[in-house]
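These protein sequence lines are chains A and B, in that order. In this note's numbering, each number is its position in the first sequence, counted from 1, plus 1072. In this note's numbering, each number is its position in the second sequence, counted from 1, plus 234.
Check before you lean on any hint, since a few could be wrong.
[Claimed, not checked] Part of the chain B face toward chain A, derived, beta carbon under 7 angstroms: (1) P245; (2) D290; (3) P383.
[Unchecked claim] Below, in silico cross-link-like pairs of lysine to any residue (SDA-like), each with a Cα-Cα straight-line distance of 20 angstroms or less: (4) K1220(A) / D384(B); (5) K1260(A) / R299(B); (6) K1290(A) / K1220(A); (7) K1220(A) / R299(B); (8) K1077(A) / K382(B); (9) K1220(A) / P381(B); (10) K1256(A) / P1266(A).
Worth flagging that the hints you see were computed from the coordinates, not collected in a lab. Keep in mind the model is a prediction, meaning the values are calculated, not measured. Cβ coordinates follow ideal geometry from the N, Cα and C atoms, glycine included.
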Amino acid sequence: MSKPKIGFYWCASCGGCEEAVVDLAEEILNVVEAVDLVFWPVALDFKRSDVEAMADGEMAACFINGAVRMSEQEEMAHLLRRKAQAVIAFGSCSHTGGIPGLANLYEREAILRKVYDESPSTINPEGTRPQVQTSVPEGTLTLPGFDKSVRTLDQTVDVDFYLPGCPPPVKLIAGAVTALLEGKLPPKGSVLAPNIAMCNECPRKESKPDQLLITEFKRPHQIMIDPDKCLLEQGLLCMGPDTRSGCEAACIGGNMPCTGCLGPTDGIRDYGGKAVSAFASMTAGDEDEQIQAAMDSIVDPVGTFYRYSMPASLLHRRISGNGEGEPQS
Amino acid sequence: MSDQHLSNNPPGFEPKIVGFFCTWCTYTAADLAGISRMDYAPNVRIIRLMCSGRLDPQFVLSAFREGADGILIGGCHPGDCHYQEGNYKALRRHHLLTRLLRTMGIEPERLRLEWISASEGDRVRDVINDMTADLRRLGPLRLEPVPKPDVPAPVEDAACPNVALNVAAGEKL
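For reference, chain A alone in the conformation it holds in the complex (with noise of 0.2 angstroms):
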């Protein structure tokens, strides 16, 4: 009998999380001898002919990467769906939008607009602009269509489990590829990882007082780092009560506080919108000034709460003027 068949794939991602999993180090052999790698782009050279080549569920699993929004990852995840008995999300950008996700906060011709036309680096007097088609003497040239916002993976295909992370712990992967070859996964739709807040992990744990009152939020430039004591307490805005456990507080490991790259735990619904509430609560001040100061201190509230998030938001992405950025007249 032949070995399960595994697939990699990358969409609108960075390829940290490809590098995850050759930091797999030497139990990456242990997998490569327990399985068949049949498509991963970007170390094998594989073909997606191949994949179509395939028949339906003939992967065993399917590790996915990246946001989708382009047209071409949008086919590439059908199709790898098709093709894959189980999908996995792998990292923050395809289990909630990461990095890639917060372009949403621009309409799509404002970024076409900043990268073809208006970037320091490009000259461009022209105003060319890619297309999806262009026809040349020899025939039509096609490109990938820019859709108008960043969607998860599971806002494109049917997603049967997450690994979360930026990049996802190489314990969890170690572990998820483990419960997949022994069949001991979790119910459709689970997260890899514990279902606990960050803290919980966090060597300072003992060190969080247990009541917060921040006059002002620090970013870690500002400060020199404490290295034993938690980070709120040095007023930082650490993510560790809205995130998801699994890293071992690496990044606290690292003296810096947690961006949320492993997304909320289970009773999470809207990962910005727990996070105001957590922050909020720890703000001093009953005045509106007071207030007012301290939040203040919070320069890129957006780019903090949703950082890896804003696609898999409630809000998802707010629509202005006709849609297409143009502005409201």
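Once you have looked at the hints, place chain B on chain A.
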């Protein structure tokens, strides 16, 4: 309010407001406005909370997602909270949530916090009328629908991802 703005609204647009009112003050005030037979804009749907401090920002975001054009939070005046300090919690959340929403392109007028005591039925009327007028001017909150996955036609054996079926007997990781 300019006619220009009004003309941009879809025909027949009536703003929908969700009111989260604390049971001790603002909800009682709304009751008073009712039994006093005050006329006010019928645009608000009121949800009674035990305290404005119970308001989870996720409630606000859910209401926006479900079609609200504005949210009105009503609580007791500072110092009058039945639970001592619930309204201060609401105040801090309101400050932070308004900032967050603004950076997401949602106007601060769409999330309003008002202290209205049980005896201020007329203030309920005035605030709701005022907010309704504001929202008529701003127009509908247009959110992009959350995309739904296109679940492909079920393929045999693909519905249940029981991967273990494919592992050769005796083969170990």
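Structure-based check of each hint:
The criterion of a C-beta within 7 angstroms of any C-beta in chain A is not met by P245(B), whose closest approach is roughly 17 angstroms, and the hint is violated. Interface hint at D290(B): satisfied, since its Cβ lies 6 angstroms from the closest Cβ of chain A, which is below the 7 angstroms cut-off. For P383(B), the interface hint holds, since its Cβ comes within 7 angstroms of a Cβ in chain A; the closest pair sits about 5 angstroms apart. Of the supplied pair hints, the one linking K1220(A) and D384(B) holds, its CA atoms being roughly 18 angstroms apart against a limit of 20 angstroms.
Straight-line distance between C-alpha atoms of K1260(A) and R299(B) comes to about 26 angstroms, which puts the hinted pair past the 20 angstroms bound. With a C-alpha separation of about 35 angstroms, the suggested pair K1290(A) and K1220(A) falls outside the 20 angstroms cut-off, and the hint is violated. Note on K1220(A) and R299(B): the hinted pairing holds, with a Cα-Cα distance of about 19 angstroms set against a maximum of 20 angstroms. Of the pairs offered as hints, the one joining K1077(A) and K382(B) is violated, with about 28 angstroms between alpha carbons and a cut-off of 20 angstroms exceeded.
Between the alpha carbons of K1220(A) and P381(B) the distance comes to roughly 12 angstroms, so the proposed pair stays at or under 20 angstroms and holds. About 15 angstroms separates the Cα atoms of K1256(A) and P1266(A), which keeps this hinted pair within 20 angstroms; it holds.
Of the hints listed earlier, those the structure fails to meet are numbers 1, 5, 6 and 8, in rising order.
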